[in-house]
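Participant: Each step along the sequence shown adds one to the number in UniProt numbering, with nothing skipped, and position 227 is 227.
There could be a bad hint or two in this list.
Result set (BS3-like, lysine-lysine): computed pairs, CA atoms no more than 25 Å apart in a straight line [as the list claims (entries may be wrong)]:
#	residue 1	residue 2
1	Lys39	Lys210
2	Lys68	Lys53
3	Lys3	Lys73
4	Lys225	Lys215
5	Lys399	Lys410
6	Lys331	Lys410
7	Lys72	Lys214
8	Lys207	Lys196
9	Lys451	Lys215
10	Lys23	Lys72
11	Lys410	Lys201
12	Lys399	Lys199
13	Lys115	Lys24
14	Lys289	Lys23
15	Lys215	Lys396
16	Lys273	Lys468
17	Lys15	Lys65
18	Lys207	Lys246
19	Lys196	Lys432
Distance windows between CB atoms, simulated [stated by the list, open to error]:
#	residue 1	residue 2	range
20	Gln223	Lys331	51 to 57 Å
21	Tyr644	Gln532	53 to 59 Å
22	Asn268	Val545	42 to 48 Å
23	Gln119	Val545	37 to 43 Å
24	Gln532	Glu330	28 to 34 Å
25	Gln116	Lys39	37 to 43 Å
No lab work stands behind these hints, which were simulated from the structure alone. We put the CB at the ideal spot given by N, CA and C, even for glycine.
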Amino acid sequence: MAKTLVIVESPAKAKSLGKFLGKKYAVKASMGHIRDLPKSQFGVAVEEGFKPKYITIRGKGDIIKELKAATKKADRVLLASDPDREGEAIAWHLANILDINEDTPCRIEFNEITKQAVQQAVKHPRRVDLRKVDAQQARRILDRLVGYNLSPLLWRKVKKGLSAGRVQSVAMRLICDREEEIQAFVPEEYWSILAKLVKGKGNFEAKLHKIAGKKAHVPDEAQAKQILNDLAGETFEVAGVTRREKKRQPSAPFTTSSMQQEAYRKLNFTARKTMMVAQQLYEGLDLGKEGPVGLVTYIRTDSTRIAETAEKEAAEFIRERFGADYVSAEKRRVAPKGRAQDAHEAIRPTSVGREPDSIKNFLTRDQYRLYKLIWERFVASQMSPAVIDTTSVDIKAGKYIFRATGSIIKFPGFMQVYIEGRDDEEENNDAKTLPELNKGDVLKLRSIVPKQHFTQPPPRYTDATLIKTLEEKGVGRPSTYAPIVDTILKRGYVVRENKNFYPTELGFVVVDLLKRYFPNIIDVEFTADMEQKLDSIEEGDINWVEILEDFYNPFRQLLSVAEQEIERVKVEDEVTDEVCEHCGRNLVTKMGKYGKFLACPGFPECRNTRPLLEPTGVPCPECDGELVLRRSKKGRKFYGCSNYPDCEFVVWDKPTKQKCPQCDSMMVLKENKSGKVYRCSNKNCGGKITASDHVEENDRTADGESSTLGAY
1 MAKTLVIVES PAKAKSLGKF LGKKYAVKAS MGHIRDLPKS QFGVAVEEGF KPKYITIRGK
61 GDIIKELKAA TKKADRVLLA SDPDREGEAI AWHLANILDI NEDTPCRIEF NEITKQAVQQ
121 AVKHPRRVDL RKVDAQQARR ILDRLVGYNL SPLLWRKVKK GLSAGRVQSV AMRLICDREE
181 EIQAFVPEEY WSILAKLVKG KGNFEAKLHK IAGKKAHVPD EAQAKQILND LAGETFEVAG
241 VTRREKKRQP SAPFTTSSMQ QEAYRKLNFT ARKTMMVAQQ LYEGLDLGKE GPVGLVTYIR
301 TDSTRIAETA EKEAAEFIRE RFGADYVSAE KRRVAPKGRA QDAHEAIRPT SVGREPDSIK
361 NFLTRDQYRL YKLIWERFVA SQMSPAVIDT TSVDIKAGKY IFRATGSIIK FPGFMQVYIE
421 GRDDEEENND AKTLPELNKG DVLKLRSIVP KQHFTQPPPR YTDATLIKTL EEKGVGRPST
481 YAPIVDTILK RGYVVRENKN FYPTELGFVV VDLLKRYFPN IIDVEFTADM EQKLDSIEEG
541 DINWVEILED FYNPFRQLLS VAEQEIERVK VEDEVTDEVC EHCGRNLVTK MGKYGKFLAC
601 PGFPECRNTR PLLEPTGVPC PECDGELVLR RSKKGRKFYG CSNYPDCEFV VWDKPTKQKC
661 PQCDSMMVLK ENKSGKVYRC SNKNCGGKIT ASDHVEENDR TADGESSTLG AY
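Could you put the whole structure together from the sequences, leaning on the hints where they help?
Facilitator: Now the structure itself:
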């Protein structure tokens, strides 16, 4: 019987395709790339038109032998790697090694691993797209030109083991520049004045909005006191009420970037974890009687486009589940942002009828949570806008105008299913409800609360905001965001503390050197422009060799200057008071895979190392020791007794000196977007105190506010 051999990247994908294609097809996996540039040498013949030297990846010999044997038995070979540049390059390498004529229709692609999509793809094979291959080769060689020239320079001038990538360096610069902004920031004091008012049985708050017709600005405590004095005895009367209806539109379906951002916000997934789990959902999972099936469409995309069939299926599902009013009355078309390629659909479930809870038992916890997020986002994107009645009330008290805002959801629309997360943690006053208020109403004043604030510097980057910034600036592509974050963490250029990225001293040193000697490499606009040129190669507008020549010739001259001018930079280790018990030297702090640790400066003669224990000032509840910050083998923070191993007391959350009012046990501090909560460390108790009820000595809220005046 005539057989067609289909080659994919992974066994999971092979299993899913095998189910759809039947006995006339054999499906094999290449396990990703089978050829690449060598790791141990440059691998690019610059003088021969940047000719790459590809070698078989170590450990792939048996796989290639198996694929060659399967190719000889087949009447036709179809290459079904992922539908992007990387997938096209894998198909091209396979065609070369397996002696498949790339000019014949041997390449198939599909945006989702479903029976219909796969069977349609098999019916319409095409040639390998050499323009995509050229674009991928150009990126790979470009990264090699930068990495294999800059990294050795850093080894010689700074320290061994460093690397400088073309795109990762820009991400490092963003983080370092933000840190410099924060360090240079000078906070300014300002005050807010809040009136707590009563109308009938309804209590609400209004904030000082205008003073004598001008926008209120209260710079210091003296003026805050003056305002309180002025308001003594004043009548609070409603001066005006503005009511209006507004529509809130749903967010577009996920792109790779927005999926990574939202998975970070709502699931606390790193970009790497998000892509790993998403790949599993895309390649296919066994759903019992249904067998293996791909649950989501292709996960590397910058498009928000949706196939018409998916729109119709979603509309029918929404109509049946929620009613006709919840179906979007218009087709939403979001124009591609900036430099988006718009090559694939948005990320969506392959079948909207496959509800998350109906397949929960077949998924791991992480798979279920991410699939649910993708499903809800897509369904909500096809629903009607929410209709919200908003009210804005101005309240006059002498020359002062206070403003209260509130809203009522008149029709929930898409909000019935999903609401997008936020990067900021600002209070949403519009969500508050107000009593019925009309012009001329005289209100009862309960109290006036002045609060001191200080302006805050720009926030440090998190996984979500860094990826968002890279996308907005056109740096990198959907497939590169997760590796960028991973690389700068592994190299010790940045650390992740409380979800924020902090540059290390090493990161500052490397960025400063690159700024001084290789300004283009670390320039955001230059890097974004290079991405556009790579897109132009795929479109056939530019020759890939010309791009490399234009880049490499000036780059080589900069390398020569840097080699001569850069003097050896020594990154000094921080010396501690801890003494090495083997040789008596003072231990220094070093940066390792899981953060800082103590090491003897006498290395390699003395190899003594020790965990860096950061004291908390909180006594251990089980002995006379002190609780100190430690890290697990996976780098996760926890707090344990300084007398370990004699005392094995540990807690994951930050310990405090606050005692539980119910059982007198130590309380720990938990922080989330809702604020700070002190919880009892005794699992059998369950006592808790919110930060609004109690704040420890020297503890401050996130925006540095305090209320030294008290309430009037």
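Participant: For this structure, which hints from the list above don't hold up?
Facilitator: 1, 5 and 7
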